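K.L.:
Residue-level listing of the chains:
Protein chains: 8
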Amino acid sequence: MTENEIRNLLEQVRAGQVSAQAALERLRRLPFEDLGFAKIDHHRSLRQGFAEVIFAPGKRPEQVVSIVRRMSRNRHNILITRGDRRLYRSVKRAARTARFHELSGAISIRKDKRIVGKGLILVVSAGTADIPVAEEALVTAEVFGNRVESVYDVGVAGLHRLMRHHEKLLEARVIVCVAGMEGALPSVVGGLVGVPVIAVPTSVGYGASLRGVAALLGMLNSCASNVAVVNIDNGFGAGCLASVINRL
Amino acid sequence: MTENEIRNLLEQVRAGQVSAQAALERLRRLPFEDLGFAKIDHHRSLRQGFAEVIFAPGKRPEQVVSIVRRMSRNRHNILITRGDRRLYRSVKRAARTARFHELSGAISIRKDKRIVGKGLILVVSAGTADIPVAEEALVTAEVFGNRVESVYDVGVAGLHRLMRHHEKLLEARVIVCVAGMEGALPSVVGGLVGVPVIAVPTSVGYGASLRGVAALLGMLNSCASNVAVVNIDNGFGAGCLASVINRL
Amino acid sequence: MTENEIRNLLEQVRAGQVSAQAALERLRRLPFEDLGFAKIDHHRSLRQGFAEVIFAPGKRPEQVVSIVRRMSRNRHNILITRGDRRLYRSVKRAARTARFHELSGAISIRKDKRIVGKGLILVVSAGTADIPVAEEALVTAEVFGNRVESVYDVGVAGLHRLMRHHEKLLEARVIVCVAGMEGALPSVVGGLVGVPVIAVPTSVGYGASLRGVAALLGMLNSCASNVAVVNIDNGFGAGCLASVINRL
Amino acid sequence: MTENEIRNLLEQVRAGQVSAQAALERLRRLPFEDLGFAKIDHHRSLRQGFAEVIFAPGKRPEQVVSIVRRMSRNRHNILITRGDRRLYRSVKRAARTARFHELSGAISIRKDKRIVGKGLILVVSAGTADIPVAEEALVTAEVFGNRVESVYDVGVAGLHRLMRHHEKLLEARVIVCVAGMEGALPSVVGGLVGVPVIAVPTSVGYGASLRGVAALLGMLNSCASNVAVVNIDNGFGAGCLASVINRL
Amino acid sequence: MTENEIRNLLEQVRAGQVSAQAALERLRRLPFEDLGFAKIDHHRSLRQGFAEVIFAPGKRPEQVVSIVRRMSRNRHNILITRGDRRLYRSVKRAARTARFHELSGAISIRKDKRIVGKGLILVVSAGTADIPVAEEALVTAEVFGNRVESVYDVGVAGLHRLMRHHEKLLEARVIVCVAGMEGALPSVVGGLVGVPVIAVPTSVGYGASLRGVAALLGMLNSCASNVAVVNIDNGFGAGCLASVINRL
Amino acid sequence: MTENEIRNLLEQVRAGQVSAQAALERLRRLPFEDLGFAKIDHHRSLRQGFAEVIFAPGKRPEQVVSIVRRMSRNRHNILITRGDRRLYRSVKRAARTARFHELSGAISIRKDKRIVGKGLILVVSAGTADIPVAEEALVTAEVFGNRVESVYDVGVAGLHRLMRHHEKLLEARVIVCVAGMEGALPSVVGGLVGVPVIAVPTSVGYGASLRGVAALLGMLNSCASNVAVVNIDNGFGAGCLASVINRL
Amino acid sequence: MTENEIRNLLEQVRAGQVSAQAALERLRRLPFEDLGFAKIDHHRSLRQGFAEVIFAPGKRPEQVVSIVRRMSRNRHNILITRGDRRLYRSVKRAARTARFHELSGAISIRKDKRIVGKGLILVVSAGTADIPVAEEALVTAEVFGNRVESVYDVGVAGLHRLMRHHEKLLEARVIVCVAGMEGALPSVVGGLVGVPVIAVPTSVGYGASLRGVAALLGMLNSCASNVAVVNIDNGFGAGCLASVINRL
Amino acid sequence: MTENEIRNLLEQVRAGQVSAQAALERLRRLPFEDLGFAKIDHHRSLRQGFAEVIFAPGKRPEQVVSIVRRMSRNRHNILITRGDRRLYRSVKRAARTARFHELSGAISIRKDKRIVGKGLILVVSAGTADIPVAEEALVTAEVFGNRVESVYDVGVAGLHRLMRHHEKLLEARVIVCVAGMEGALPSVVGGLVGVPVIAVPTSVGYGASLRGVAALLGMLNSCASNVAVVNIDNGFGAGCLASVINRL
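Those protein sequences? They're chains Y, E, Z, U, F, C, V and W, same order as listed. Each residue of the first sequence is one higher than the one before, starting from 1 at the first, in our numbering. Each residue of the second sequence is one higher than the one before, starting from 249 at the first, in our numbering. Each residue of the third sequence is one higher than the one before, starting from 497 at the first, in our numbering. Each residue of the fourth sequence is one higher than the one before, starting from 745 at the first, in our numbering. Each residue of the fifth sequence is one higher than the one before, starting from 993 at the first, in our numbering. Each residue of the sixth sequence is one higher than the one before, starting from 1241 at the first, in our numbering. Each residue of the seventh sequence is one higher than the one before, starting from 1489 at the first, in our numbering. Each residue of the eighth sequence is one higher than the one before, starting from 1737 at the first, in our numbering.
Honestly, the hints are just simulated from the structure, not real lab data. The structure displayed is predicted, hence computed values, not measured ones. Treat the hints with care, as some may be off.
Stated by the list, open to error - Listed below are the simulated BS3-like cross-link pairs for lysine-lysine, each with C-alpha atoms no more than 27 Å apart in a straight line:
| id | chain 1 | residue 1 | chain 2 | residue 2 |
| --- | --- | --- | --- | --- |
| 1 | Z | K588 | Z | K609 |
| 2 | Y | K118 | U | K862 |
| 3 | F | K1110 | C | K1408 |
| 4 | U | K862 | Y | K168 |
| 5 | V | K1656 | W | K1854 |
| 6 | V | K1599 | V | K1547 |
| 7 | W | K1904 | V | K1606 |
| 8 | C | K1358 | F | K1110 |
What the hints assert, rightly or not - Label pairs and their computed distance ranges (CB to CB):
| id | chain 1 | residue 1 | chain 2 | residue 2 | range |
| --- | --- | --- | --- | --- | --- |
| 9 | U | D856 | V | I1603 | 49 to 57 Å |
| 10 | U | E893 | E | R362 | 43 to 51 Å |
| 11 | E | E419 | Z | R660 | 36 to 44 Å |
| 12 | C | R1326 | V | L1658 | 53 to 61 Å |
| 13 | W | E1907 | F | F1047 | 50 to 58 Å |
| 14 | E | R344 | F | P1053 | 30 to 38 Å |
| 15 | Y | K92 | E | G306 | 56 to 64 Å |
| 16 | W | S1808 | Z | R582 | 52 to 60 Å |
| 17 | U | G863 | Y | L103 | 32 to 40 Å |
| 18 | W | E1907 | V | E1659 | 27 to 35 Å |
| 19 | V | R1495 | W | L1839 | 47 to 55 Å |
| 20 | Z | G554 | Y | Q63 | 25 to 33 Å |
Cβ atoms here follow ideal geometry from the backbone N, Cα and C, with glycine treated the same way.
The shape of chain Y in the complex, shown without the other chains:
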C-alpha cells in the first residue's frame, strides 16, 4: 500500500464510501513501513549518499554484473568491495568507467564526482601490509563524495616518519587510522590532533596478534579520547563512518 493508496482511502472516507471504522481497520493492518518506516527508508537512502555498495564475496561475477547493470540506471556511484581482477574485467564490460583498486580488490564506478564532504578525510596506516585495508577505506570515502588523502607506512616505532606528516594530520577533518600488530598508531595520532580518529585494526601479524584481536584490544584501550574502533579489517566501515561524520 503506497502513499497514493492511503490518500485514496482517505478520499473514500471523505466521500462517505468507506466508514471511519473500516478505514481504521485497514490502516491498522498496513504493513509497517507504509507510514513511518517509509520515512526511515528515505533517510536511509539519504544517508547512503549517492553510492550503492556490493559486497563481492559469495557472489558470482554474472550476479555482480547484473546488479551493477540494474543500479546503473540511476546516477549513484557504485562501490564493489573485496573483488578481484577477474571480477573487474566482467564489470568493466558493463560499466566503462569502472576502476580497479588492486590491493584491496575494490572496484569503483564514479558517475557523480561532486564533493559533498566538508573537509579532508585522511587515511593513515602503520605498515605496508596494512595498505589493502587502508585502500578500502580510502576508496569508500572517495566514492561517497569526499576529498581523501593518505599517509602510509608510519608505524609508531619510527616516529620521525609520522612526524614528517604532522601538518597533514592537522589539516584533516576526520582521520581513519589503520594498524595491525600492536595497534598503537591511533593513540599516537589521536594525541596529535583535535578531530575524530576512526581506528581500524587489521589482521596483519602472526602468533600473539591473534588475527587482529591484539590490535583491536589495543585500540579499544586507547588512552586518547577521540578514538573509536570498527571491526578488524573493516576498511569499508571506517570509510563509511568517516563520510557520515564529514558530511555533518
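Here the structure of chain Y is known, so what remains is to put chains E, Z, U, F, C, V and W in place on it, guided by the hints.
P.N.:
Quick look at chains E, Z, U, F, C, V and W alone, frame taken from chain Y:
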C-alpha cells in the same frame, strides 16, 4: 495518539472537516506504536501471561515494594528474582501471600493459581550446587501457571540415580535441565526423551569450568538434537521459555 | 536375550525346571537394554518421527548410497546434510525422488508427505550469507513433516524489511532465527512474538565475529526471554528441535 | 629552553655574538617540544575545549580537591569521573557550584555554560542497568559544552519503546548508544538514522556476557555502517568523542 | 523393588500364582537400577574403597557434622575437603580422631588404617604456594589407604633441588605432580620416571597465569607421554585417581 | 667420559698416579649425564618397553624409511604415527611385516608379540568421527604389548548402546575414552567402572566445539573422580599412558 | 655427600682401602647435586648477586621477619616484594635500615651499596596508575646494585611529554618500559633507542583491557625489534632481568 | 628543510637580512624531523648495525631483488626472512654470495663478516619441529655480526640431553631459547645460567597448544627471573634483541 484519536481524525475526514491530504500528513507523523506497535505490545502482555517480573539486584527494597504495590492492582502473579530474605520481609508487609524461595532468592506472589500450561514441566539438575538455578526455573514456571516437578542430584557419573526417575522423564512435556561442570546431563536426558530439553549451564565448578563456560560449550555441542541452551545461571529464562512452549 | 527368551525363562521357572534363585542370577546378568532400554530405544525411534538422517562429511558417496538403499526399505523420509552436487547425483540414481538443496548442500528424499507438526515453523534469517544455514533448518523441518515458510534478509539495521513480515511472524507456532555478525535478530524477533524462538548463530562475518562466537554470545545474552540457542551453523539441530516442539 | 630563549639566541646571532654554526648546534640539541611539540600541546588544550578532567579512582579526596583548587584559577569547566558522594562533599567545599551525578559518580563544575557543539547529542541506552554508563557520557558531553538529551530503557526486545522516540533520534547530530548483554541497540539505532553512532558496551549481564565482551563483540560486528565502538563501560570516552564530532 | 522382591516374584511364578506373561510385564516396568544398576552401585562403593567424601563449601557446619555422624556407623574412613578450622572444631566433637590439615583445609577421620595401595604414591609440587593443593592430594590418597610421601618446592628453575630426590622419584608407583605458573614440572618428572604422572595445575600465579589456565595448557601439551591432567586445583581428584591406579 | 674412563681414573688414584684432589677436580667437571643421568636414560629405555616411535608429519618418506631401517636392527616394535598410504608403501618395502591402520594413518611393525600388560585395555569412543583418534590409541597400546579391545559409537545421547557393553567395561583394567563435541562420555563411563579412565578429547565438531576445546573443558570438569585427560586428538599419548598403567 | 666426603673417598682409594670398582659404585649413587649441580647452585648464587628476595604474599609477618633475621647474617641486600606498611613496621624492628616503598609495597634493606651494573637502568611508565609496578622494577634494580632513574607519566597520546626526556632515553643502557591499557609505549620507546627494552604490561585499565591481557598482546606484537616482554604486573622480573643484562 | 637550509637561515639572521622574530616563526614551522628526529634516525641506523632486513611474504621476487640491488650499494649485510628456494634463486642472480637457510626460509648476504657482538649467542631449541624458528634466530644473530652456536632437540622430558651441553650453556653471553608445546625449556635453562634468556614460543603442537599460545603463556609465567619473551615464532625478533644485548 490513541486508536480513538485516529478514529476521530477519520470521522473528521468523513465529515469534511479535514482534507485527505492533511489527514495523510498527520498519519505520517504518528508515533510508530500507535498503529502497529500497540498490537505488538498487546501480544507482549499476552505472552507474559498473568505474571509480572522484577529483577531485584540494583534496586532498593523500597523501590521493589513500591513496584509490587503498583502491580498488585491487577490480578497478575508477581515474581521477584535474585532477592534475599531481607527484601522478602519488606515485600511480605506489602503482599501477605508472598513466598520466599531461599536457595534461589526468588520471591513469588501467586494470586492466580490457574494452570495454563498443557503438560508437566520437569526441572532436572545434576549436582546439589546447581539447585539454586534449578529452583529459579521451577518457581518461574510455577508462577507462569504450569504444573512443575523436579528431579535433583542426578549427575551423569551416577546414571542409576537418573534412571530411577525414568518414568518421570517420559511423563514431562518440557524438560529444563540444569548442570554445571561438564554440562553433560542435557545430552543424556535428551537421548532418553522425545520432548524439548532446555539446557541451563551453571557457574558451578572451579578452574577449567571457567565460571560456567565449560558447561555452556558442552551443552551447545550436545549430540542430542532436542536440546537448546540459555545463558549461564539463567534459570529464569529457562522457566520462561518452558512456559511459552508448554502453552502451545 | 530377547523378550521371548525372558518369557521362556519365566515359563521354565513356572514349570519348575529352573529355580527362582537361578532365574534371578540369569536376570541379573541380562544385558541392560533387554528390559528397560529397549523401551527407551522405542521412544527414540518415535522421536525421530519418520525421518532418518545421514551426516555426509567424512563418508564416501558409495557409503552414503548404500545407507540410503538400506533405509529405503521402510517408509521413512531421508535427510542427508552437508552433501554436494556430486553426492546428489549418486544418491539420485538410488532414489529417484531425491531433491538437492544447493545452498545448504542438503539432499532430501520424501516418501511420506504427511504433515504432523501442528502449526507453521517460520525460518527467519538476517543476511544473504546466512541463507545456507537457514535452508538447512528449513529442509530439516520439512522432511520431519512440518509446514515451513521462510523470511530471509531481514537484518536489524533495516527494521522496515523485518516489519513488512510482521503478520507472518505472528502466524508462526515456532520460529527459527538465523543470524551471524552481531546476532541481534532473535532479540528483536523474540520481542515481537509470543512463541518459542530457536536462535542459530552463523559463522558469517570476519574479524571480531570470531567465526560465529560473537553472534553466539549475543544470542545467549538476549534480553528476550523466549529465546534459546543451538550451536553455530547448526541449522539441522534448530530444524529438529522446532519439529519436536511443533509436534507437542 | 623557552620561546624567549630561542628569540634571545637568534638576537645574539643577529648581534654577531654567536655564530650561525654554534646556534645550529644549540638548536639541534633542543628538547623536542620547544619547537614543534609546543604547537601540538597548544592544539591539545584547544581540543580539550574548556574542560579539565580528573579520573577519581586511586586518588585520595584531598588530592582531588587540591587539583580542583589549582584548576579553578582558570575559567575551564571541571569533570571528575567515577567519584562518590563522600568525594563530592569534599569537592563541594572547594567549589560551590559542583554537582553530583549519583548513578555514574561523576562530579561536574560548570563555570562556562556556553554551548559550543553545533547540534544535539542524544544518549540512548538499552536497560536500566546501563544508565550509570549513559549518565557518564551525558555529563561529559554537557561539561564539554553541548546540548544533550537522553532516551533510556529502550532495549531491542521492546521495539515500540524505541520507536516512540523516533523523532528524537532523527533530530540528533551525534548519538551515543549504550547497551550491555547482547549489545544489539546500536545496530537498530544505526539503521534508523543518518548520523554517527558511538556504541558503548557495558559490563551489564552475567554468565556468557563475559563482563561486557559479548556486547563489545556484537557492536564491532554491527551490520549498520555508521557505528564505531569504544571500550566497555567507557561513557567518558564516548562523551568526549561525541563532543569532538559535534564541534566539527 | 529389591532383590528380595524379585525373588518373591519368581517364587510366585514357580508356585503358579503369577503367570510368566504377568511376571514379564512387571519385570519390564522395574526401575532400572533394580537389576543392572544395583550391580554398578555395588562396584561404585567398591571403587570408593573404605572412604566417604564430603565437599564442605556451601554446607553449614551442623550439616557436615550430621553427615559425619551418619557415616560413622560403618567402618569407612571419612574425608572432608575444603573445610576450615572452625568446621574442624565442630567435627572434632563428633569424631574424636579427626585430624585437620591446615593448608588445604582437609579434615580426615581414619578408622581403617590398612594400606590397600600396592606401592608408594609420591606427591611432588613446584612452589610453596602449590602446597595446599598438594596436601589435598596427599591426604586424599592417605585416607583411601595408600602409603604416601611428598617432595615439595622443587620447581624446574632449580633442577638441583628436584634431583636431590631422584631416588625417591624412582621408588614411586604413581606420582602426583602439582604446579602453577608455567606448569612445567610434570614434563620434567615424567621424563625421569617410568610410572604414571598425574598432573595438577594450580591457580597459583598472576597476570598471564590466567588463574591456572597457563599451567593447565602447559601440562596438556607435555612432551612426556606418561602424563595426564586433572582440573585446576583439583588435588582431591588427583589423589583419587592415584588411589585407583595404585590398587590395580 | 664413560664409565670406563672413570674406572681408569679411580685406578690411577689407587695407583698413586693421580692425587685425590686432582681426581676430585676432574670429577667435578664431568658432563652431567656420565654418572647420574646415564642411569635415567637407562630407565627411560626401560620405560619405552620394546617399541620405538616415529612421528611422521614433517618427515620425508625416505627419512622415515631410513630411521625404520636403523631401528630394525634391534628387536623392538616400531610405531609410526600420522602417516598415510603412500608412506606405508615405502615402509612396507623396508619392513615386510608393516601394517597400515587406515583411519588413523598409523603404521605398525610388530616383531615382538609378547603381551606385557597385565589386563585388558579398552578403547571406547563416542561418534564415528572419533574413531581415527581411538584407533591411534588402540594401535599404540597394542604395539606396546597389551591386549586391547574397542567399543565404538556409544555416545551419551544413546545410553542403551553403551549399556550393551557394560560387561566389557567392567572387564577392562584401563579404559581410554575418546569423544568430541560435548566430551561427556568419560564422565558416564567413569561412573560405571572402578578403574582409571584416560579421556581424549577430539577436535570433532564445529562452531562452539572450538576445535576440541569444548570437549577438553568438559572432560577436565568431569564429575567422575577416576578420569584424567590428555591433549586434544592425542590418541598416541593415551595409548602410551594406558600401557604405562597396565604394566604396573 | 659433601665435597669433603668425596675427597675422603678418593683418599681411601688412594690408600688402597677402597677398590676403584667400589668407589665407582658409590659415586654412581651420589645425589645429583653433589658434583655437577653444586656448581650450578654456585653460579646461581653468583647470578643473584648480593640480594636475597622474599615474596611477601601468603607469609605471616613473623615468618618474613624470621627469614630476614636469618638472611641478615651475610652481607647481602634484601628485597621484600608486595608487602605493606604493617609488614614494614615488623621488618623495621629487625632491620633498622629497611626502607618502605609505598606504592609498590616493596621493602628494601641495602647493606651493600656498591654499584655493579655497568650503566643506567631507566624505568619508564605510561600512566600514573602504572607507577606501582614501575616502582617495583626500580627498587629491584637498585637493590641488585644498579644506578636507576625513572621517567613517569609519558603515555603515547602525549608524545611531547615523552620527548622532553629524549636525552635521558638515549643515556640508558637498559630500559624497563611499564604500561597498561593499549601497551603501546615500548614500541615508541624501542624505536627511539638502540638498547634492550624490557616491556612490562600492567593490569591497569578496565573492560577490554582484560586485566592486562590487551597490553600484553600489544607488547608481544611490538613493531620495534629490541623489545621483549615479561608477565603482567611483573615489575620484579623486569628489574631482575635488567640487572642481569646490565652486568654483562 | 635540511641542515644546510637552517644554517643559511641563521646566516641570514647574522647578516641582518632576516629578523630574529621572522626566523623564530620559520623555525617553529619546521617539519619535526629536521632537528631532533634526524638525530633519532641516526641512532636508528646505528642500532640496525650493518644489516638491512627484508620481510619476504607479500613481496614478489622481482620486488625483493630490486630492494637487494639498491641495498647492495652500501656495505651492509642483508637478511631476507621467510623466503623460499624460488626466491633464493632470483636473489642469487643479483647477489652471488647469498646463502639459503632451508628450514627457516631465510636468505643471508654477508658482505661484512666482522664480529661486533662481545660474546657467544647460543640458540637452544626443544624439539626438531622448533628448528625452523631457531634457525631464523641463529641466522639473524649471525648476519648482525655475532658469534652464534646452537643446541637443538633438548626438550625438558629428556633432561640428560640438555645436561650434556651444560658447559656450552655456561659459556654463552646471551641465550635464545625456542620451544613449542608446553614451552618449559626457558625456565629450566634460565635456572642453569646467569645470563639473559630470550624465550621464543613456537606454534608447534596441536589441540591445546592453541597455535603457540600455551607455550607463550608458559614462558610468561616462567619461575626463572632472567627470562623475557617475544612473539610466537618470532625467531627474527629474538635474534635482533640478542644482538642488541650482545653489543652492550
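K.L.:
Would you mind marking each hint as holding or not holding in the structure?
P.N.:
Now the hints, each set against the structure:
{"no.": "1", "hint": "Z:K588 x Z:K609", "verdict": "19 Å, holds"}
{"no.": "2", "hint": "Y:K118 x U:K862", "verdict": "15 Å, holds"}
{"no.": "3", "hint": "F:K1110 x C:K1408", "verdict": "25 Å, holds"}
{"no.": "4", "hint": "U:K862 x Y:K168", "verdict": "25 Å, holds"}
{"no.": "5", "hint": "V:K1656 x W:K1854", "verdict": "25 Å, holds"}
{"no.": "6", "hint": "V:K1599 x V:K1547", "verdict": "24 Å, holds"}
{"no.": "7", "hint": "W:K1904 x V:K1606", "verdict": "25 Å, holds"}
{"no.": "8", "hint": "C:K1358 x F:K1110", "verdict": "15 Å, holds"}
{"no.": "9", "hint": "U:D856 x V:I1603: 49 to 57 Å", "verdict": "53 Å, holds"}
{"no.": "10", "hint": "U:E893 x E:R362: 43 to 51 Å", "verdict": "45 Å, holds"}
{"no.": "11", "hint": "E:E419 x Z:R660: 36 to 44 Å", "verdict": "43 Å, holds"}
{"no.": "12", "hint": "C:R1326 x V:L1658: 53 to 61 Å", "verdict": "59 Å, holds"}
{"no.": "13", "hint": "W:E1907 x F:F1047: 50 to 58 Å", "verdict": "53 Å, holds"}
{"no.": "14", "hint": "E:R344 x F:P1053: 30 to 38 Å", "verdict": "35 Å, holds"}
{"no.": "15", "hint": "Y:K92 x E:G306: 56 to 64 Å", "verdict": "60 Å, holds"}
{"no.": "16", "hint": "W:S1808 x Z:R582: 52 to 60 Å", "verdict": "54 Å, holds"}
{"no.": "17", "hint": "U:G863 x Y:L103: 32 to 40 Å", "verdict": "37 Å, holds"}
{"no.": "18", "hint": "W:E1907 x V:E1659: 27 to 35 Å", "verdict": "31 Å, holds"}
{"no.": "19", "hint": "V:R1495 x W:L1839: 47 to 55 Å", "verdict": "48 Å, holds"}
{"no.": "20", "hint": "Z:G554 x Y:Q63: 25 to 33 Å", "verdict": "31 Å, holds"}
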